[in-house]
Amino acid sequence: MIEIDLSHRLDAFRLDVKFSSTAQVTALSGPSGAGKTTILNAIAGLIRPERGRISVSGRVLTDIASGRVVPRHKRRIGYVFQDARLFPHMSVLSNLTYGRRRAGASTPVEPVVELLGLGDLLKRKPRNLSGGEAQRVAIGRALLADPALLLLDEPLSSIDEARRAEILPFLKKLPESAGVPILYVSHSTDEIAKLAGAVIHIEAGKVVTK
Amino acid sequence: MIEIDLSHRLDAFRLDVKFSSTAQVTALSGPSGAGKTTILNAIAGLIRPERGRISVSGRVLTDIASGRVVPRHKRRIGYVFQDARLFPHMSVLSNLTYGRRRAGASTPVEPVVELLGLGDLLKRKPRNLSGGEAQRVAIGRALLADPALLLLDEPLSSIDEARRAEILPFLKKLPESAGVPILYVSHSTDEIAKLAGAVIHIEAGKVVTK
Amino acid sequence: MFDWFRLEPAEVAALQLSLKVAATATLFSLPLGIAVAYLLARGRFWGRSLLNALVHLPLVLPPVVTGYLLLLSFGKRGPVGAFLYDWFGFSFSFRWTGAALAAGVMAFPLMVRAIRLSIEAVDRRLEDAAGTLGANPLVVFFTVTLPLSVPGILAGSVLAFAKAIGEFGATITFVSNIPGETQTLPSAIYTFTQVPGGDAGALRLVLIAIAVSVVALLVSEYFARKVDRRLDLQ
Amino acid sequence: MFDWFRLEPAEVAALQLSLKVAATATLFSLPLGIAVAYLLARGRFWGRSLLNALVHLPLVLPPVVTGYLLLLSFGKRGPVGAFLYDWFGFSFSFRWTGAALAAGVMAFPLMVRAIRLSIEAVDRRLEDAAGTLGANPLVVFFTVTLPLSVPGILAGSVLAFAKAIGEFGATITFVSNIPGETQTLPSAIYTFTQVPGGDAGALRLVLIAIAVSVVALLVSEYFARKVDRRLDLQ
Amino acid sequence: QDVTVFAAASLKNALDDAAGQWTAETGKKAVISYAASSALAKQITEGAPADIFISADLAWMDHVEKAGLVADGTRKSLLGNSIVLIAPKDSKVSVKLVPGVDLAAALGADGKLAMADVAAVPAGKYGKAALEKLGAWAGVEGKVAQAENVRAALALVSRGEAPLGIVYKTDAAADSSVKIVDTFPKDSHPEIVYPVAQIKTSKSPDAAAFLNYLRSPKAVAAFEKQGFTLLD
Ligand SMILES: Nc1ncnc2c1ncn2[C@@H]1O[C@H](COP(=O)(O)OP(=O)(O)OP(=O)(O)O)[C@@H](O)[C@H]1O
Ligand SMILES: Nc1ncnc2c1ncn2[C@@H]1O[C@H](COP(=O)(O)OP(=O)(O)OP(=O)(O)O)[C@@H](O)[C@H]1O
Ligand code: MOO
Ligand SMILES: [Mg+2]
Ligand SMILES: [Mg+2]
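Those protein sequences? They're chains D, H, C, V and U, same order as listed. Heads up: the first sequence runs through residues 67 to 276, numbered per this note's numbering. Heads up: the second sequence runs through residues 67 to 276, numbered per this note's numbering. Heads up: the third sequence runs through residues 1289 to 1522, numbered per this note's numbering. Heads up: the fourth sequence runs through residues 1289 to 1522, numbered per this note's numbering. Heads up: the fifth sequence runs through residues 4 to 235, numbered per this note's numbering.
Accuracy of the hints is not assured; some may be wrong.
[To be verified] Below, computed lysine to aspartate or glutamate pairings styled on EDC-like, alpha-carbon distance capped at 20 Å: (1) H:K239 with H:E176; (2) U:K15 with C:D1487; (3) U:K15 with C:E1299; (4) U:K95 with U:D113; (5) U:K69 with V:E1469; (6) H:K140 with C:E1415; (7) V:K1364 with U:D93; (8) U:K146 with U:D105; (9) C:K1514 with D:D77; (10) H:K260 with D:E227; (11) U:K32 with C:E1415; (12) U:K221 with U:E28; (13) D:K260 with H:D256.
[To be verified] If you want a taste of the chain D side facing chain V, the calculated C-beta under 10 Å gives, among others: (14) F79; (15) H139; (16) K140; (17) G144; (18) R151; (19) H155; (20) Y164; (21) R166; (22) R167; (23) R168; (24) A169; (25) L217; (26) A264.
Rather than coming from a laboratory, the hints here were simulated on the basis of the structure. The C-beta atom is built at its ideal place from N, Cα and C for all residues, glycine as well.
Please take these sequences and the hints and turn them into a complete structure.
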């Protein structure tokens, strides 16, 4: 259960959304610049909204009215950014296990490496990974951080269809197998149809009922 | 007419491709890490291949055997990078016209801004553009540089379907209307089907005939 | 109370001279500083380590030695000094220009390091992008590398200016301590410290030097913030 | 010919002392330098400009003045000096530790600027990412900000070390010039320059100082390249 | 055209005073550059535009003279000074500077004797010579803290860093936080002399006049006020 009620302004852009979803995978769709990434940033605690309330599975993460704002590192949110944001000074393996080490989690690394086809890259540095390779490492890093919620911002945009066909079912299973709900930003109606139990459509900072 | 014959090594990765295409739009497909971006980098003159020859519309850009390597700034190649690579210190408008000013081109800016829906962003700095907005600026910047060849590396990955439906036909027309052939990297079979006259499939650094 | 701060004409002259010397030193060494920083950051030539060592030399040597070396080479009878005088009628000897030269030389390593650090931090992929857009290497440098290095250029200039305001050992050794021509603030302070009862005078000038540099720093921070905003670095 | 380079015991002692002083000064000021650089780069607190000005002070003031101020505060009868002595039995007076303190203070602005420049260049989005992965601000600092600032930390240390090797004015004023205890290379050089006909002796020591710093620079460049490769910055 | 004087820094107070009187009387101006005698002498041999040089010791004047830059017959011994043993004002130490004096005992276990550089700075050289003559050098050699100049040595004593120091009388007299323990006997060290000369390349028509003025009653008063003695 995700409950979002937010108002925030970024210069000329105004975000004003209120929605909730009990789906295991909730898709966030909408044109470029609609405010999807801004919503994820607010949920992850990277921006403090001007007004509003965010709760995930009953846990209040942000409640501006009561002054409760959980710091980002205590939110247990696995965020796959639109840009990969890998740590350039660490190997792929260190990147993958960064969140895992913080969480003291014991999630086995091997299956994720397998799923994402990262076996040959573990010792490499992020700088010279290909676009799709970097994106896969970013997904693995978020998965291994033992999150209570996954935020995926167009996670498969640079990933080829064969690999995508492996990852999608895995993501679909995740809420049930590991109890991790997913909020998923995508432009692909195909992906959304395959994955999402609910679709929230955003346009120009507002929720639009289609 | 694009003629490519290349060998290059990046640590453990070996690229060895030879293909040519007379199509107006040639698609480059293949799994993540296959070598697509590396091929584009060689064509743009960003890497000097160990061996090989590249010619576009009869103009030899690289010929290692004869030592002829046209410097990158004289290649007249409009390259939309997989990562947008906008200039952070310039406004969106300055980014858009950067190549245009170098080329002394007189291509009108207005239609491109219109097509890509950038009208409201011209005075903004790239840093806080949304993912799709940045990608559109990168496309515009390459289009306006008066290129003799367009290299597009997953240019529409973060762009919503409505906008995509406007851009694709424009790109399809470009070779005819402006005489600019296109080399197009994409994972979307749908995009490729709509756009490309020829498909080159790469796997693990080699051309694969499907 | 305030009388105490009223400066004597010689002290006003020293203050003005210090500002002129520091500004001249900073401005004139900036182009060379940028060039050397670029070479050290990007060049892969023989003698790069040598150039690097040479640039650092004024830091490693006692200022008096640097001043003496300047006197030997740029003095009226020094090889460079004689050449400049014979061909251009230009002389550093015991002129404020010599003080600026000394300050510039002493500040040079600080300036170069800061600029070099910023150049090394510039994302080369942006330079590649500029190249494909038709910019030749020189244009790439001036439209991409240099603007993105502005934080280092500013920091380097601030360091250089501050150092130039404070420079003393090399200056007094090279161009002496002539009121109105080569007597900068630090030389004047030094003179005060050399005589009985000079402490009050020295303290007054020290406070002035501090005030000048606080103002200079505030101005520079203001510009730095403006640049940050222009570059949208934060 | 080679005899000319054979060092006298006092000169060997001066060289060793200089290395010890410079290394101590650099190492001990590094943690504080990083902390201050971080505060200046990221802090938004009242008094930030004041802190900034204070850090730059040793650059702006003639070294002799800085040395005198050190004497006033860290000397036997200075407030800090008396406190340290009474409570810890620790004294800087006429000891090599005092020379290290003087060198550290003089080098501090150079170190801070370089580190600050690197911290300011760190991409905050990476720090955000680390935060979402469960790293608290301190962990973010040590696992992301600090490693990505290593170029500046290295550059700052090199500048500080070089400056500490060359420092002289503040050192001799604070702890004077006691062979074997506080007579560093520059003090020894200075003494030579004050004696008619001492140029040959000074030149020899100058060459040694140059050799030391060339070696130090080469070592630092080697590490910098290694770091670059580890950070995959190029 | 002004007269340019290169003078040892320790003369600043007195010479500024004398030059001011000269200006008041003649309307002419002396521009004075104060620095270490060593720096000034080297600058003069490298072509500095000095008309007059006043050194704090003989060696650097000799240096200029050897370079052939002293105008014939103009070199004179201008001023004399004496060196004294000083201690912080509240010190109870009492020492008589007689042959065989045990300075080491007066310094205590780890006290330092503050002096100007004994190899380079005139006051340090005179002090060392005097201690040698009194047979006290060997006893204190390892306890000497050498400062860059006399003023820095003075500061070490007045700040209580060092229990004893050797400085010029002129410096000691003006610092209220030190007291003079004893004055070194005149014959214990070479005569302390500030030599003066006109520089050969000087073209100033007033240089000779200024040189003469330095021996006028008003100038002499200015020097004596600071504790210097006029030599002839
Ligand atoms: N710091 C900022 N200052 C000003 N405007 C901003 C800032 N950050 C984002 N914006 C604007 O807010 C709007 C919403 O941005 P957001 O990144 O949430 O879009 P998005 O829905 O994720 O788009 P995309 O699909 O292109 O990634 C955009 O128009 C963007 O330009
Ligand atoms: N500088 C480098 N050093 C080592 N390996 C490299 C370097 N650059 C690229 N590679 C490797 O070369 C292979 C090809 O990379 P390339 O970027 O061309 O892939 P791609 O086909 O564009 O993949 P994607 O669709 O994921 O962008 C990848 O496995 C990549 O990790
Ligand atoms: O210039 Mo001095 O009087 O030798 O210290
Ligand atoms: Mg987005
Ligand atoms: Mg690619």
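Now the hints, each set against the structure:
no.	hint	in the structure
1	H:K239 with H:E176	18 Å, holds
2	U:K15 with C:D1487	13 Å, holds
3	U:K15 with C:E1299	15 Å, holds
4	U:K95 with U:D113	17 Å, holds
5	U:K69 with V:E1469	37 Å, violated
6	H:K140 with C:E1415	15 Å, holds
7	V:K1364 with U:D93	15 Å, holds
8	U:K146 with U:D105	13 Å, holds
9	C:K1514 with D:D77	18 Å, holds
10	H:K260 with D:E227	17 Å, holds
11	U:K32 with C:E1415	61 Å, violated
12	U:K221 with U:E28	11 Å, holds
13	D:K260 with H:D256	17 Å, holds
14	F79	19 Å, violated
15	H139	5 Å, holds
16	K140	8 Å, holds
17	G144	8 Å, holds
18	R151	4 Å, holds
19	H155	5 Å, holds
20	Y164	5 Å, holds
21	R166	9 Å, holds
22	R167	9 Å, holds
23	R168	3 Å, holds
24	A169	5 Å, holds
25	L217	8 Å, holds
26	A264	23 Å, violated
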